[in-house]
Amino acid sequence: MAEPVIEIRGLSKTYESGFKALENVDLDIKRGEIFALLGPNGAGKTTLINILCGIVNPTGGSARAGGFDVIREFRAAREKIGLVPQELTVEPFTKVWSTVAFSRGLFGKPKNNAHIERVLKDLSLWDKRKNATRELSGGMKRRVMIAKALSHEPEILFLDEPTAGVDVELRRSMWNVVRGLREHGVTIVLTTHYLEEAEQMADRIGVIQNGEIRLVDETAALMTQLGEKRLAVVLAEPLERVPDALADYDLRLAEEGRRLVYTYNAATGTTGVKQLFHDLDAAGVAFVDVDTEQSSLEEIFVNLVGADR
Amino acid sequence: MNWRAIQTLYISEMARTGRTLGQSVISPVISTCLYFVVFGSAIGSRISEVQGVSYGAFIVPGLIMLSLMTQGISNASFAIYFPKFIGTVYELLSAPVSFVEIVTSYVGAAATKSAMLGLIILATSTLFVSIHIAHPVWMVVFLVLTSITFALFGFIIGIWADNFEKLTVIPLLIVTPLTFLGGTFYSLDMLPPFWQKVTLINPVVYLVSGFRWSFYNTADVSVGLSLLMVCLFLSVCIGVVAWIFKTGYRLKS
Numbered sequence: 126m127a128e129p130v131i132e133i134r135g136l137s138k139t140y141e142s143g144f145k146a147l148e149n150v151d152l153d154i155k156r157g158e159i160f161a162l163l164g165p166n167g168a169g170k171t172t173l174i175n176i177l178c179g180i181v182n183p184t185g186g187s188a189r190a191g192g193f194d195v196i197r198e199f200r201a202a203r204e205k206i207g208l209v210p211q212e213l214t215v216e217p218f219t220k221v222w223s224t225v226a227f228s229r230g231l232f233g234k235p236k237n238n239a240h241i242e243r244v245l246k247d248l249s250l251w252d253k254r255k256n257a258t259r260e261l262s263g264g265m266k267r268r269v270m271i272a273k274a275l276s277h278e279p280e281i282l283f284l285d286e287p288t289a290g291v292d293v294e295l296r297r298s299m300w301n302v303v304r305g306l307r308e309h310g311v312t313i314v315l316t317t318h319y320l321e322e323a324e325q326m327a328d329r330i331g332v333i334q335n336g337e338i339r340l341v342d343e344t345a346a347l348m349t350q351l352g353e354k355r356l357a358v359v360l361a362e363p364l365e366r367v368p369d370a371l372a373d374y375d376l377r378l379a380e381e382g383r384r385l386v387y388t389y390n391a392a393t394g395t396t397g398v399k400q401l402f403h404d405l406d407a408a409g410v411a412f413v414d415v416d417t418e419q420s421s422l423e424e425i426f427v428n429l430v431g432a433d434r
Numbered sequence: 074m075n076w077r078a079i080q081t082l083y084i085s086e087m088a089r090t091g092r093t094l095g096q097s098v099i100s101p102v103i104s105t106c107l108y109f110v111v112f113g114s115a116i117g118s119r120i121s122e123v124q125g126v127s128y129g130a131f132i133v134p135g136l137i138m139l140s141l142m143t144q145g146i147s148n149a150s151f152a153i154y155f156p157k158f159i160g161t162v163y164e165l166l167s168a169p170v171s172f173v174e175i176v177t178s179y180v181g182a183a184a185t186k187s188a189m190l191g192l193i194i195l196a197t198s199t200l201f202v203s204i205h206i207a208h209p210v211w212m213v214v215f216l217v218l219t220s221i222t223f224a225l226f227g228f229i230i231g232i233w234a235d236n237f238e239k240l241t242v243i244p245l246l247i248v249t250p251l252t253f254l255g256g257t258f259y260s261l262d263m264l265p266p267f268w269q270k271v272t273l274i275n276p277v278v279y280l281v282s283g284f285r286w287s288f289y290n291t292a293d294v295s296v297g298l299s300l301l302m303v304c305l306f307l308s309v310c311i312g313v314v315a316w317i318f319k320t321g322y323r324l325k326s
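From first to last, the protein sequence lines are chains A and B. The first sequence: position 68 = 193 (my numbering), numbered continuously. The second sequence: position 139 = 212 (my numbering), numbered continuously.
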């Protein structure tokens with residue numbers, strides 16, 4: 126295992142309202158990985174990131190980023206961190222170039238126009254560099270925020286819900302940028318409540334709920350565990366019972382015998398779907414349509430934490 | 074110290090003045106000119122000399138102080154309130170800077186602006202009256218200290234305010250009355266004896282009196298006391314700002 130670039134120990138946060146956003150969180154994030162914090166709204170994802178970045182004060186525990194305590198050695202720790210928060214907030218009156226250059230200076234880095242030019246070009250912002258940020262579309266503003274976070278060449282990049290309200294094209298180009306960053310050794314921590322997003326992007330996924338980390342695992346391993354899919358075969362004629370010839374498939378009938386439901390795991394490689402269709406034909410079962418359904422995040426949470434909910 | 078951050082923040086704050094030239098420089102100059110026209114020329118011509126100087130010249134130091142205070146407060150309070158309001162304050166809080174850097178740059182920029190404005194008003198006033206500055210060094214000391222003090226005060230208001238109303242309520246309800254009743258337009262001995270005593274609890278009296286002394290060598294209260302009071306306000310403001318950043322009041326949850 127590579128050395129952790131972020132070490133979180135016993136981190137807790139109770140807001141003044143009494144709301145417990147984080148409870149005793151332990152988490153290690155490896156250098157150079159893409160780590161997805163997956164959880165429903167209000168799970169504590171943003172609080173966790175904000176504590177690491179210095180925006181929220183923790184009420185207990187400690188955290189280190191790049192080997193430095195985020196509170197006692199905040200200067201050294203924060204120099205290594207870039208943050209793209211969830212809300213679209215950019216200073217409206219400054220030009221794209223100046224606001225990105227401003228961020229670099231604020232983080233104490235000497236002027237480097239070549240770097241800023243590269244960042245703007247990577248994010249397709251170069252043509253807009255002389256525009257005031259208020260003239261940009263929402264997606265472009267999001268890019269400006271990413272450019273600001275990358276202006277000081279951070280080792281760790283936090284992306285809080287990076288694809289909220291972002292169109293498909295921008296999402297794709299953003300993921301390309303993120304992958305490119307990882308190739309340069311940048312550690313990326315992103316939060317999302319979309320399982321697909323975590324699956325596509327992350328090397329490892331941490332599932333967080335009610336302020337507690339429920340599970341941390343390699344994406345592939347987690348998907349095997351969670352990648353249950355259901356295939357519903359819509360029958361031409363309702364069946365009374367599952368034909369004996371199909372007993373091996375562990376099928377069940379639904380909607381008064383009008384559907385046959387097959388449960389399988391998409392992440393294991395062989396799904397058996399092809400064979401099932403063949404055997405359905407052989408058994409003389411006629412069908413008119415098929416429907417597949419993946420476990421939703423909510424179902425996954427029920428599976429994961431079902432015992433204590 | 075992250076000097077580069079201070080420099081960056083300071084320059085970006087000063088650049089904001091450039092973008093809002095009308096609001097930050099022209100409008101205070103125009104309003105000062107109006108004071109001169111009304112109080113200096115129109116009414117002032119009917120008023121005999123005050124403390125040995127013509128009334129028009131007498132009000133110059135007070136008018137400059139008035140601008141230093143109101144503009145210092147409005148510049149600094151808006152400068153820190155605006156990022157809070159639109160949310161860009163996240164960047165400031167997540168940057169490798171401590172409160173020392175943040176305050177130095179924001180208050181430094183706001184104080185620079187009001188000091189510059191004070192000098193512009195001084196220059197403007199020479200178009201209307203002839204000005205003689207008896208103690209130029211002390212004039213600059215009072216100018217700088219007052220600018221910093223009220224920029225700090227404005228910074229505190231900007232942190233405290235969580236809506237636009239709060240941003241304007243203290244300048245409107247407290248600072249403006251205090252400046253008008255602080256001897257800008259009159260000498261204290263023009264007041265009835267009872268009010269002469271009452272007015273001494275107004276901190277602005279000491280600032281205006283000290284500043285006027287640096288011009289005309291005449292003062293309502295002793296210069297030492299004026300200087301002491303300026304330093305006292307400055308220390309109180311620094312103390313409050315230090316507390317704000319120590320606790321994260323209205324900035325961090």
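No wet-lab data here; the hints were simulated from the structure. Being a predicted model, the structure only gives us computed values, none of them experimental. C-beta: ideal position from N, C-alpha, C; glycine also. There may be inaccurate statements among the hints.
As the list claims (entries may be wrong) - A few chain B residues facing chain A, derived, Cβ under 7 Å:
1. ARG77
2. THR81
3. THR320
4. GLY321
Stated by the list, open to error - What the simulated footprint calls covered on chain A by chain B, stretch by stretch (three residues with Cβ under 8 Å from a Cβ of chain B suffice, anywhere in the stretch; the number is not a length):
5. 143-153
6. 231-240
7. 375-388
Hint by hint, here is what the structure shows:
no.	hint	verdict
1	ARG77	holds (5 Å)
2	THR81	holds (3 Å)
3	THR320	violated (9 Å)
4	GLY321	holds (6 Å)
5	143-153	violated (count 0)
6	231-240	holds (count 5)
7	375-388	violated (count 0)
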